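Per our numbering, the very first residue in the sequence shown carries number 8; after that it's consecutive.
Rather than coming from a laboratory, the hints here were simulated on the basis of the structure.
Check the hints yourself; a few may be wrong.
Under the rule of at most 30 Å between Cα atoms (straight-line distance), these lysine-lysine pairs were calculated in the DSBU-like manner [what the hints assert, rightly or not]:
id	residue 1	residue 2
1	K305	K207
2	K415	K27
3	K426	K415
4	K415	K346
5	K27	K257
6	K367	K305
7	K294	K305
8	K207	K221
9	K346	K27
10	K367	K309
11	K294	K309
12	K27	K403
13	K403	K415
14	K309	K207
15	K207	K294
16	K426	K486
Pairwise CB distance ranges (calculated) [unchecked claim]:
id	residue 1	residue 2	range
17	G374	N484	38 to 46 Å
18	S220	P195	23 to 31 Å
19	S451	R350	41 to 49 Å
20	I401	L437	17 to 25 Å
21	S26	V301	42 to 50 Å
22	E145	I429	48 to 56 Å
23	F314	L437	45 to 53 Å
24	G374	L199	23 to 31 Å
25	N308	E453	49 to 57 Å
26	F314	L444	42 to 50 Å
27	L449	P152	18 to 26 Å
28	L437	G224	26 to 34 Å
Being a predicted model, the structure only gives us computed values, none of them experimental.
No residue lacks a Cβ here, since even glycine has one placed at the ideal position from N, Cα and C.
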Amino acid sequence: MIKQSTSLYNEDLAPIPQSKRTWGTFNYAALWISMSLCIPTYMLASSLIEGGMNWWESILTIFIGNTVVLIPMILNGHAGAKYGIPFPVFARASFGTKGANIPAVLRAIVACGWFGIQTWIGGFALYQMFRLWIPALETLPQIFPDSFQLQTGPAIMFFLFWLLNMFVVYLGVESIKKLLLFKAFFLPTAALALLFWAIKAGHGLGPILDQPSKLVGNNFWHYFFPALTGMVGYWATLSLNIPDFTRYAKSQRSQAVGQLIGLPPSMTLFSFIGVVVTSATFIIYGKTIWDPVVLAGKFDNKILVSFAMIAVALSTLATNIAANIVSPANDFSNLSPSKINFRTGGYITGIIGMFICPWKLIADPNGYIFTWLIAYSSLLGPIGGIMIADYYFIRKQQLNVSEMYEPKGQYSFTNGFNKFAIIALLLGILPNVPGFLLQVHLVSSEAFPVWILQLYNYAWFVGFFVSGIIYLFLMRNYKVVDLVNKELINNVAIN
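I would like the entire structure built from these sequences, with the hints used as guidance.
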């Protein structure tokens, strides 16, 4: 029996009993369709066009990336579906009861960045609307230093939209259900409307899709591999904390098949719309516009722009709470389960998301892919490699759930930390550090050998395999404690 009085337990982190696991295949497919249909997905595809790819190169890169990340998604989702435990608790098996805070916080900080990005998008959508009705918003005096790269008008709307997000956190996740329903119907309709506009204004699909690739020979491969890593990195957060969702699965088949039919197809389809519309903007305006909110701001009809921007803001709000608040709130709760609940964790997420300067992360396509997506994939790839290596090769998919909530149980290792997991994590991150330092212009291209700098282009893959292999080597003599309390295991776990 799980001791509910321990410092490692609260209701948000407790295992979900089989009787309350109600998510089927359709629920997981719908989850991924809903999360894929968002502005950052559109911008993901359009950024590849801006970077020089043609339409089919962009779509293929996105499809391959999402197919690759689906593998760790399903593998990590297995533990959630079998034992009903969330990601921070699952991480205790490999990192230790206290050490699990390391991957939880790393993943939570990345989610804070995504929260900030989505909040900026929603706030900027409101700015695009209000500046049409209140032109003075565009000429407000500058109050931020030039280094902030932040205009006063957009900053005000960003802060107001941030307050709206925090109010929803205060109300609780249940309050977002109607917004998610609105998004499920509206955003696909709006996306198709934008697609039809692009085809009409661009004089058909022919001229749009005929635009050649700007990347030839080695230039293509030099762009493709880091772009592919960025595509994998896009969902690298969810590939770790997917147990937060699969813990509600009726069966393993439900979570696996649901993700298979939900993730790659929906990402590829919505990305295709982004590719077509972005390609059309070059024909229509003479330059590629990769941000759909900026594009909508070019329309003259105030009513049309207002309707579109309100819809973007509402759907962004729904996505933000569902995808970028739930999991980091659990992660922060894991730091101190008795003191930090969901609401407090949500507030922490919001504050960090504001101070992470999200407008800089998506200021241009190169920053979005090469600085943001690849950089955080270099942190999360190693965590994924360690957790999968531990669950499948060390523990053979067998966990003692009650012990995961015991401060001095079998998962406490040494004072709550598994030093081998921490060593493997650091060694998996290390090879990507030189390339990151070059990317953010902290070192010159001559500071390290070229082959070391280029490892950053494959950051997620390098970290995943280096940390996974090192972890298996370091844990080769580890003896797994025989499972006890079979009655509890049988009551909690499903195959």
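Checked hints:
1. The suggested pairing of K305 with K207 holds, with an alpha-carbon distance near 16 Å, which does not exceed 30 Å.
2. A hinted pair counts as satisfied when its Cα atoms are at most 30 Å apart, and K415 with K27 qualifies at roughly 29 Å.
3. Proposed proximity of K426 and K415 is supported: the alpha carbons are some 16 Å apart, at most 30 Å.
4. The suggested pairing of K415 with K346 holds, with an alpha-carbon distance near 20 Å, which does not exceed 30 Å.
5. For the given pair, K27 sits about 9 Å from K257 by alpha-carbon distance, which is consistent with the 30 Å threshold.
6. Restraint check for K367 and K305: the C-alpha separation of about 22 Å stays at or below 30 Å, so the hint holds.
7. The suggested pairing of K294 with K305 holds, with an alpha-carbon distance near 13 Å, which does not exceed 30 Å.
8. Between K207 and K221 the alpha-carbon distance is near 24 Å, which keeps this suggested pair within the 30 Å criterion.
9. Between K346 and K27 the CA atoms are separated by roughly 26 Å; this keeps the pair inside 30 Å, and the hint holds.
10. Straight-line distance between C-alpha atoms of K367 and K309 comes to about 28 Å, which keeps the hinted pair within the 30 Å bound.
11. A threshold of 30 Å between alpha carbons decides the hint, and for K294 with K309 the separation of about 23 Å falls inside it, so the pair holds.
12. Of the pairs offered as hints, the one joining K27 and K403 holds, with about 26 Å between alpha carbons and a cut-off of 30 Å not exceeded.
13. With a CA separation close to 22 Å, the supplied pair K403 and K415 stays within the 30 Å bound.
14. For the suggested pair K309 and K207, the alpha carbons sit about 21 Å apart, so the restraint of at most 30 Å is met.
15. About 17 Å separates the Cα atoms of K207 and K294, which keeps this hinted pair within 30 Å; it holds.
16. The suggested pairing of K426 with K486 holds, with an alpha-carbon distance near 15 Å, which does not exceed 30 Å.
17. A C-beta distance of roughly 45 Å is found between G374 and N484, which places it inside the suggested range of 38 to 46 Å.
18. Distance hint for S220 and P195: a CB-CB separation of about 29 Å, consistent with the stated range 23 to 31 Å.
19. At about 47 Å, the beta-carbon gap between S451 and R350 stays in the expected band of 41 to 49 Å.
20. Between I401 and L437 the C-beta distance comes to about 23 Å, which sits within the given range of 17 to 25 Å.
21. Checked against the given bound of 42 to 50 Å, the beta carbons of S26 and V301, roughly 49 Å apart, stay inside it.
22. The hinted range of 48 to 56 Å is satisfied by E145 and I429, whose Cβ atoms lie roughly 50 Å apart.
23. Judged by the Cβ atoms, the range 45 to 53 Å given for F314 and L437 holds: they are separated by roughly 50 Å.
24. In this structure the supplied range 23 to 31 Å holds for G374 paired with L199, their Cβ-Cβ distance being about 29 Å.
25. The given range of 49 to 57 Å is respected by N308 and E453, whose C-beta atoms sit roughly 53 Å from each other.
26. Checking the proposed 42 to 50 Å range against F314 and L444 shows it holds: the Cβ atoms sit about 45 Å from each other.
27. Distance hint check for L449 and P152: the Cβ-Cβ separation is about 21 Å, which falls inside the suggested range of 18 to 26 Å.
28. One distance hint, 26 to 34 Å for the beta-carbon pair L437 and G224, holds here, with the actual separation near 32 Å.
Checked against the numbered hints given earlier, this structure breaks none of them.
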